[in-house]
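> Sequence:
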Amino acid sequence: MKLASLSDGRCGTAQIWNSAPQLAQILPITASSLVPAGARVVIIAPHPGDEVLACGGLLQLLSTLEHPLQLISITDGSASHPGSNIWPASRLSVVRPQESVEALRRLGMPLHSLKWIRGGFCDTALAAREVQLSQFIARYLQPGDAVFSTWRNDGNADHDAVGRASAKACSLVGAQLHELPIWAWHWPAREGAIIPWQRARKVRLDSWSVARKLHAVHAYASQLAGDPEIGLAPMLAQVLLERMREPYEIVLS
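According to my numbering, the sequence shown holds residues 1 to 253 in order.
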């Protein structure tokens, strides 16, 4: 999870998707229609926590349908607090995976059967290793997998690189790729035309699923705490937490 705070000038309270007239016209889709019966579900998260931010509600739905689940965490997220003595990389590399375990537990994920792959790639430097990244992802995919990854035009370098690498890996293996926007919600200056509305589908969530997702994201204590000593605001900006209250998630298929 590498998200800008409101204070760094790159994000704002305006949410281009919320104000877009196309949002109301997105066709709904059920989890059972999105993923064929018996298919394995693979979630690819650039940083710990992206799996909850992008599809914490969908994960709950797919879990109840008893799909085999595999999570691939590309990095350990240890570069989220650059220059911090409170949250140095050595501490974050241990804490953030632990936070993911707790978040998945709060979502009700079957941790006993969840296959979890940790990539060990360098946080904030994925674009430079995109070829190796696509090869790594392809190694853990199977034909017919339903793969969920960050959108290749999300607006964050790591997210975009993982999206592109996932697309290539799925093409090589014969898996079905679904892309998930995270940053795109919080870039008011972006052109609405960039968003491929014709590919968008809306997964509706009930109030319990939304509440569980919010509870899960609060497991990321390191991302809710900045470092006042160096003027570093929390990585999880309030506007992002507010967006997570929406009773749906958007999938680009």
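None of these hints come from the bench; they were simulated from the model.
The model shown is predicted, which means the values in this text are computed figures rather than measured ones.
Hints may contain errors.
[What the hints assert, rightly or not] Computed list of lysine-lysine pairs in DSS-like fashion (alpha-carbon distance at most 30 Å, straight line):
#1 Lys202 - Lys115
#2 Lys168 - Lys202
#3 Lys115 - Lys168
[Claimed, not checked] Computed spacing ranges between beta-carbons, pair by pair:
#4 Glu130 - Trp208: 34 to 40 Å
#5 Gly231 - Ser253: 16 to 22 Å
#6 Arg129 - Pro247: 34 to 40 Å
#7 Pro88 - Ile29: 39 to 45 Å
#8 Arg245 - Gln142: 33 to 39 Å
#9 Gln132 - Ser19: 15 to 21 Å
#10 Ser253 - Ala24: 37 to 43 Å
Quick reminder that beta carbons are idealized off the backbone N, C-alpha and C, glycines included.
> So, for every hint listed, does it hold in this structure?
Against the structure, the hints:
The hinted pair formed by Lys202 and Lys115 meets the criterion: a straight-line CA distance of about 27 Å does not exceed 30 Å. In summary, the hint linking Lys168 to Lys202 is supported, as the alpha carbons are separated by about 25 Å, within the 30 Å threshold. Distance restraint check for Lys115 and Lys168: the Cα-Cα separation of roughly 22 Å lies within the 30 Å cut-off, and the hinted pair is therefore satisfied. Range check, Glu130 to Trp208: Cβ separation about 38 Å, and the 34 to 40 Å hint holds.
Remark: the range hint 16 to 22 Å for Gly231 to Ser253 is contradicted by a beta-carbon distance near 41 Å. Under the hint 34 to 40 Å, the C-beta atoms of Arg129 and Pro247, about 37 Å apart, fit the expected range. Range check, Pro88 to Ile29: Cβ separation about 43 Å, and the 39 to 45 Å hint holds. A hinted range of 33 to 39 Å holds for the C-beta pair Arg245 and Gln142, which are about 35 Å apart.
Between Gln132 and Ser19, the C-beta spacing of about 39 Å breaks the proposed range 15 to 21 Å. In this structure the supplied range 37 to 43 Å is violated for Ser253 paired with Ala24, their Cβ-Cβ distance being about 19 Å.
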